[in-house]
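These protein sequence lines are chains A and B, in that order. The first sequence begins at 1 in the UniProt record's numbering and counts up by one. The second sequence begins at 1 in the UniProt record's numbering and counts up by one.
A couple of the hints might just be wrong.
One copy or two, either will do: identical chains are not told apart, so a pair holds if it fits within one copy or between any two.
EDC-like, lysine to aspartate or glutamate: derived pairs with alpha carbons at most 20 angstroms apart [what the hints assert, rightly or not]:
hint : residue 1 : residue 2
1    : K200      : D101
2    : K73       : D141
3    : K200      : E143
4    : K145      : D215
5    : K73       : D173
6    : K73       : E126
7    : K48       : E115
Rather than coming from a laboratory, the hints here were simulated on the basis of the structure.
There are 2 protein chains.
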Amino acid sequence: MARKASDNNGGKRQTTIREVAERAGVSVATVSRILSGTYPAAPATRSKVMRAVEELDYVANHHARALQGTTRKSIAIIVNSVISPHYAHVAQGVQTQAAEDGRLCQIGTSGGDAERELAMVQFMREQHPEAVILVGNVNADDEYKARMSRYAHALASVGSRLVLCGRPPLGPDAPAVVVEYDNTGGAFAATSHLLSNGHKRILFLGRRPGYTTPDARIAGYRNALAAHGVPHDPSLEVDGTFERYEGYRMMRSRLAAGPPDFTAAFAANDQIAAGARQALVEHGLSIPGDVSLIGFDDLPPAADIDLTTVYQPHEELGRTSVRLALEHARNGGPPPHTTLGAHLVIRGSVAPLVK
Amino acid sequence: MARKASDNNGGKRQTTIREVAERAGVSVATVSRILSGTYPAAPATRSKVMRAVEELDYVANHHARALQGTTRKSIAIIVNSVISPHYAHVAQGVQTQAAEDGRLCQIGTSGGDAERELAMVQFMREQHPEAVILVGNVNADDEYKARMSRYAHALASVGSRLVLCGRPPLGPDAPAVVVEYDNTGGAFAATSHLLSNGHKRILFLGRRPGYTTPDARIAGYRNALAAHGVPHDPSLEVDGTFERYEGYRMMRSRLAAGPPDFTAAFAANDQIAAGARQALVEHGLSIPGDVSLIGFDDLPPAADIDLTTVYQPHEELGRTSVRLALEHARNGGPPPHTTLGAHLVIRGSVAPLVK
Chain A
1 MARKASDNNG GKRQTTIREV AERAGVSVAT VSRILSGTYP AAPATRSKVM
51 RAVEELDYVA NHHARALQGT TRKSIAIIVN SVISPHYAHV AQGVQTQAAE
101 DGRLCQIGTS GGDAERELAM VQFMREQHPE AVILVGNVNA DDEYKARMSR
151 YAHALASVGS RLVLCGRPPL GPDAPAVVVE YDNTGGAFAA TSHLLSNGHK
201 RILFLGRRPG YTTPDARIAG YRNALAAHGV PHDPSLEVDG TFERYEGYRM
251 MRSRLAAGPP DFTAAFAAND QIAAGARQAL VEHGLSIPGD VSLIGFDDLP
301 PAADIDLTTV YQPHEELGRT SVRLALEHAR NGGPPPHTTL GAHLVIRGSV
351 APLVK
Chain B
1 MARKASDNNG GKRQTTIREV AERAGVSVAT VSRILSGTYP AAPATRSKVM
51 RAVEELDYVA NHHARALQGT TRKSIAIIVN SVISPHYAHV AQGVQTQAAE
101 DGRLCQIGTS GGDAERELAM VQFMREQHPE AVILVGNVNA DDEYKARMSR
151 YAHALASVGS RLVLCGRPPL GPDAPAVVVE YDNTGGAFAA TSHLLSNGHK
201 RILFLGRRPG YTTPDARIAG YRNALAAHGV PHDPSLEVDG TFERYEGYRM
251 MRSRLAAGPP DFTAAFAAND QIAAGARQAL VEHGLSIPGD VSLIGFDDLP
301 PAADIDLTTV YQPHEELGRT SVRLALEHAR NGGPPPHTTL GAHLVIRGSV
351 APLVK
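Could you build all of it, start to finish, from the sequences and the hints given here?
Printed below as a string of structure tokens:
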């Protein structure tokens with residue numbers, strides 16, 4: 001009942017590319033072209049071939065090995081975690097663009113752990129992806145830079161390439177495509193919006209010295225204070241990571257320490273903002289009546305909690321990473337480097353300060 | 001500056017396993033054991049080897065090919081999309097359990113498309129995963145069952161296995177591990193909660209005949225109505241998919257059609273509930289004052305919008321899938337089948353009906 005073709009050949013022998021071609025009524029070259037992902041092919045032809053492949057339970061890798069080097073084209077992406085909406089949306093953008101370009105996409109996670117990241121890069125490299133995209137926040141120390149540089153050279157030496165997405169460039173010696181977004185500009189806009197509404201005592205929630213993303217955002221916060229001539233008070237900067245429960249913890253312990261010495265808070269991402277909001281509400285404080293709140297990302301749950309925040313183009317980051325990587329694969333030359341913009345999204349969580 | 005080892009050997013020659021062993025000060029067998037993922041190894045040894053591997057830019061797959069068959073152990077998971085919190089949390093559970101068991105995890109997405117799913121299964125099979133986990137809602141027609149049965153046999157024939165996670169079993173002829181959760185029981189509890197609060201006109205948001213997850217949830221809704229002796233009115237069942245914008249669309253068009261002919265709504269997931277909530281609020285209706293609302297999943301943004309919902313153990317689904325797959329890999333026998341429970345989480349979105 002289960003496998004027609006396999007039952008016919010005893011469930012062991014591998015189907016050949018010739019059998020697939022015969023069943024689909026096309027040439028062996030056409031099957032090869034379609035399976036190796038070198039498009040374009042007419043959708044009807046493609047669908048005939050894929051059906052024949054499926055019916056015959058043809059394993060693409062046997063084909064690939066037989067034809068040496070014509071493995072199925074793919075893109076690999078490694079994120080810290082898929083449950084972060086930011087990483088998930090970037091991965092979705094990579095997936096979407098890869099599919100449009102006839103590539104498969106494999107996603108790996110590192111848990112923010114360097115050893116697991118290395119293991120994933122090596123593991124994924126076995127599939128000969130055209131690019132390995134590394135996404136997101138890191139502790140950009142010397143060890144990190146040396147590691148990325150090794151990845152970049154190792155991938156380049158096998159005809160692939162490293163893409164750093166939402167991570168700073170490595171310098172001229174490391175051949176990595178770089179797609180950044182404007183963390184500092186976005187944070188400057190968010191903080192300026194609070195300052196323009198009269199707030200001067202603005203908490204920053206989510207400081208983490210040494211890490212690229214919070215460092216870039218806190219720089220925007222400090223720049224905005226300086227630009228508006230408001231003194232910088234380091235005691236308003238609260239350390240924490242980018243999770244919702246961390247936002248809750250930071251705000252809760254701040255409120256437990258005494259009456260609020262701030263009138264607004266800039267959360268380094270929307271998850272932190274959501275947690276901080278819960279702590280404020282539980283403390284009997286209203287938003288924006290008592291405290292103005294602003295986030296960063298414009299991802300769920302920003303709309304649901306009516307949060308003013310900074311939009312950044314998550315999926316576009318992923319799509320651009322794929323586009324630039326494939327462009328570089330075609331054209332060679334120095335790896336491209338681009339920065340995508342961010343902008344403010346006004347909702348209902350900020351109010352003018354009434355003195 | 002970049003690659004020490006590669007520079008030494010001209011950037012071309014592959015590092016050997018012997019060089020890794022020498023650098024780490026361990027035996028070749030130890031390196032092999034650690035790289036192939038056949039644990040246990042002392043963390044200090046493992047870390048020495050991994051550092052040597054990294055320093056020498058050793059490519060695991062060359063090692064694997066040289067040693068034939070001792071590829072790095074891995075688990076593959078294919079979800080419709082990573083931006084759905086449900087799928088992301090299941091994938092996170094798979095990832096976590098795989099890491100605890102010394103396996104790498106690769107994630108693929110299908111976009112709910114059968115052809116892409118097939119391509120992903122074939123692609124991932126090249127890495128010889130111990131299991132391929134397929135997650136989530138599908139149109140369980142005959143074509144689907146035949147396809148899954150082919151996957152199950154094809155994977156079994158190469159010593160791997162198919163795991164259906166949150167999908168119904170295939171029947172006795174198809175060797176698939178099955179991990180389900182109690183959609184019907186959860187929906188019964190949610191609907192009963194509304195009925196116990198006096199509601200009789202309860203919208204169901206997210207009907208999609210033929211699809212396993214909404215079908216199982218609407219069955220729980222109908223069972224609860226029957227159990228409480230409340231007549232079933234098909235006009236209260238609204239068709240739509242599981243996205244937030246769909247929830248918004250469904251509720252908005254319902255409200256546009258005339259005064260509400262319902263006092264409560266059961267959304268087939270939290271995303272739908274969040275969208276429906278926005279439409280209600282925009283229409284000037286309060287929750288739960290005017291309309292009671294209940295969701296399904298207990299994922300973001302449920303807590304942020306104070307939504308009463310049904311908790312299901314998303315990460316545990318993923319972890320259990322890995323555990324049962326590895327257990328089956330060790331012990332053989334008929335593939336295991338289990339169902340995880342769901343329960344109600346009471347928040348503030350349901351109120352008693354005041355007549």
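Outcome of the hint check:
1. K200 - D101: neither (49 angstroms within a copy, 51 angstroms between copies)
2. K73 - D141: Cα proximity of K73 and D141: none, with 33 angstroms in one copy and 31 angstroms across.
3. K200 - E143: neither (38 angstroms within a copy, 63 angstroms between copies)
4. K145 - D215: So K145 and D215 pass the 20 angstroms test inside one copy only (16 angstroms; across, 51 angstroms).
5. K73 - D173: This pair counts as neither: shortest intra-copy Cα distance 27 angstroms, inter-copy 34 angstroms.
6. K73 - E126: both (12 angstroms within a copy, 13 angstroms between copies)
7. K48 - E115: between (43 angstroms within a copy, 11 angstroms between copies)
Taken one by one, the earlier hints fail for this structure at numbers 1, 2, 3 and 5, listed in ascending order.
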